[in-house]
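Undergrad: Listed below, chain by chain, are the residues.
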Amino acid sequence: MKLNYNRPKLSSSEIEKRQDFNSVLNQIKTVKPYLFKKILFYGTIGLTSIAGIFILNSTTLKTSTKKIYGTKITLNKTLISKKSQQNHKAINPMILRNVPSRKVKASIFHETEIFEQKTETTSEMKVERKKYQQTNSLLPKISGVEYGAISADQFLNAKKVEIASSTKIVSFNINYFKISNFIEKEIIGDELPDELKNEILTYHNQLPVSITNIMCVDSNNQLNSLPSIRLFIK
Amino acid sequence: MRVHSNFHQTNQLLQDELDLIKKAQKNPEQFGPLYKKYHEQIFRYIYQRLDDIELAHDITAQVFIKALLNITKYEYRGVPFSSWLYRIAKSELYQSFRDKKAERTINIDTVNVIAIIDEIESDETEENKKQLLNALSLLKEKDVQLIELRFFEKRSFKEMGEILELTENNAKVKTFRAIEKLKTLFLTKKPAL
Chain A
-10 MKLNYNRPKL SSSEIEKRQD FNSVLNQIKT VKPYLFKKIL FYGTIGLTSI AGIFILNSTT
50 LKTSTKKIYG TKITLNKTLI SKKSQQNHKA INPMILRNVP SRKVKASIFH ETEIFEQKTE
110 TTSEMKVERK KYQQTNSLLP KISGVEYGAI SADQFLNAKK VEIASSTKIV SFNINYFKIS
170 NFIEKEIIGD ELPDELKNEI LTYHNQLPVS ITNIMCVDSN NQLNSLPSIR LFIK
Chain B
11 MRVHSNFHQT NQLLQDELDL IKKAQKNPEQ FGPLYKKYHE QIFRYIYQRL DDIELAHDIT
71 AQVFIKALLN ITKYEYRGVP FSSWLYRIAK SELYQSFRDK KAERTINIDT VNVIAIIDEI
131 ESDETEENKK QLLNALSLLK EKDVQLIELR FFEKRSFKEM GEILELTENN AKVKTFRAIE
191 KLKTLFLTKK PAL
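Chains as they are written, first to last, in my numbering: chain A, -10 to 223; chain B, 11 to 203.
To be clear, the hints were calculated from the coordinates, so they are not data collected in a lab. Glycine included, C-beta positions come from ideal geometry on N, C-alpha and C. One thing to keep in mind: the hints can contain errors.
[Claimed, not checked] Once the Cα atoms are required to be at most 27 Å apart in a straight line, the calculated DSSO-like pairs of lysine-lysine come out as:
#1 K(-2)(A) / K140(B)
#2 K182(B) / K(-9)(A)
#3 K33(B) / K18(A)
#4 K18(A) / K83(B)
#5 K100(B) / K18(A)
#6 K6(A) / K46(B)
#7 K6(A) / K76(B)
#8 K18(A) / K32(B)
#9 K18(A) / K76(B)
#10 K18(A) / K46(B)
#11 K(-2)(A) / K100(B)
#12 K100(B) / K(-9)(A)
#13 K6(A) / K100(B)
#14 K(-9)(A) / K139(B)
#15 K(-9)(A) / K152(B)
#16 K193(B) / K139(B)
#17 K6(A) / K47(B)
#18 K174(A) / K149(A)
#19 K191(B) / K152(B)
#20 K47(B) / K(-2)(A)
#21 K(-9)(A) / K191(B)
#22 K150(B) / K(-9)(A)
[What the hints assert, rightly or not] From the derived model, a few chain A residues whose C-beta atoms are all more than 12 Å from chain B:
#23 A153
#24 N164
#25 K167
#26 E173
#27 I177
#28 H193
#29 N209
For reference, chain A alone in the conformation it holds in the complex (with noise of 0.2 Å):
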């Protein structure tokens, strides 16, 4: 801070002299066109940010839209040609092994019209699946049962893995425990086989029946996955 002592004084006059209200005035006359073209200028940047923000947040919400629902499995069609569609059994089970599984397990919601809300936020996702599987008849299940109890007479008369009839399963896996064993088998088709049937009923012991990795194709020739089967036979 600088320090001054006496400076000479101005006069009044010397002040008035310097008075210029007309160079004022025209100085406003160039500013105010100045500040009219900073506002469409900050005006323009605005709604472009938020055009951009919004297009990103578009961008991302489809993103986010098919990580959880998965999208439409690009599966070769000449793999599951009409043909195949009528004898699954001819489906290689090796290629539905290469879908990542926890994309493929959401994607039976693309039957449904969940898939086109595509704008829900990931909660309201949530819920609405949770209303699916309470509700749709596609979940697969043993003698009418998707999960929980089941008899080993309901097991036994079990001839298939069941499921609405527009959908046909390709394949599931099977798993028990044998003695102290875990067994994990791969079935072809809907079909569950006797001799797995009995030896499931002989070694189960009290332990849970899972039947995962459930996968069916629709009427549209898409591949989905269904959700797990957990059983306990009685």
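We have chain A already, so just place chain B on it with the hints.
TA: Coordinates of chain B only, in the frame set by chain A:
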């Protein structure tokens, strides 16, 4: 150096001024009388804190340009128009300090020194005068502002409050504290707190 403040005006004068403001709000060319009325005191306020006369004139012009650009936003609060101009002047002045276009200067004369020496209850010796100048240069900016407004420009606490955006009482208390700090610096004869 006393700034010719028009702060204390009669109601009639304030009303006449308000009429001028309303005219200027509709047409900027009607701002002329207000410019003439307040140009000198705004210039003196700015020049008091600078050591560059040309820069002081430039900043003064800038103050009136800003005032004209924002005249439509002006709201009458029962105090002279100058309070609003002083606030713009203060803002422009400190902006120029921040931009390093100007150097903050304390301009003091013998009369001011004597007034402050009286305030801090000391003797008017040469040594005390030098010590007072030293103590002033060591004060913080906010305290210098208060001392300048009160003791160099002889403004009322009400006007100080209007310029510094404080209440009258707050301006009074803060000025008292600034003087106390100056007194401490003056008596201890040591560099800054």
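Undergrad: For K167(A), is the shortest CB-to-CB distance to chain B above 12 Å, so the non-interface label stands?
TA: Per Cβ check, K167(A) is outside 12 Å of chain B; nearest 82 Å; holds.
Undergrad: Verify that the Cβ of N209(A) lies farther than 12 Å from every Cβ atom of chain B, and report whether the claim holds or is violated.
TA: 65 Å, holds
Undergrad: For the pair supplied as a hint, K182(B) and K(-9)(A), confirm whether the alpha-carbon distance does not exceed 27 Å.
TA: 26 Å, holds
Undergrad: Tell me if the straight-line CA distance from K33(B) to K18(A) falls inside 27 Å.
TA: 18 Å, holds
Undergrad: Given the hint that K(-2)(A) pairs with K140(B), does the C-alpha gap stay at or below 27 Å?
TA: 21 Å, holds
Undergrad: Is K100(B) close enough to K18(A), meaning Cα to Cα at most 27 Å?
TA: 24 Å, holds
Undergrad: So is I177(A) really clear of chain B, every C-beta pair being over 12 Å apart?
TA: 78 Å, holds
Undergrad: Would the non-interface assignment of A153(A) survive a Cβ cutoff of 12 Å against chain B?
TA: 69 Å, holds
Undergrad: Going straight from one Cα to the other, do K191(B) and K152(B) come out at no more than 27 Å?
TA: Distance of about 12 Å is within 27 Å: holds.
Undergrad: Is E173(A) truly not at the interface, in the sense that its beta carbon sits beyond 12 Å from all beta carbons of chain B?
TA: 73 Å, holds
Undergrad: Given the hint that K18(A) pairs with K76(B), test it: the Cα-Cα distance must not exceed 27 Å.
TA: 12 Å, holds
Undergrad: Given the hinted pair K6(A) and K100(B), is their alpha-carbon gap at most 27 Å?
TA: Given that 27 Å is the threshold and the Cα spacing comes to 23 Å, the pair holds.
When held up to the earlier numbered hints, the structure conflicts with none and fits them all.
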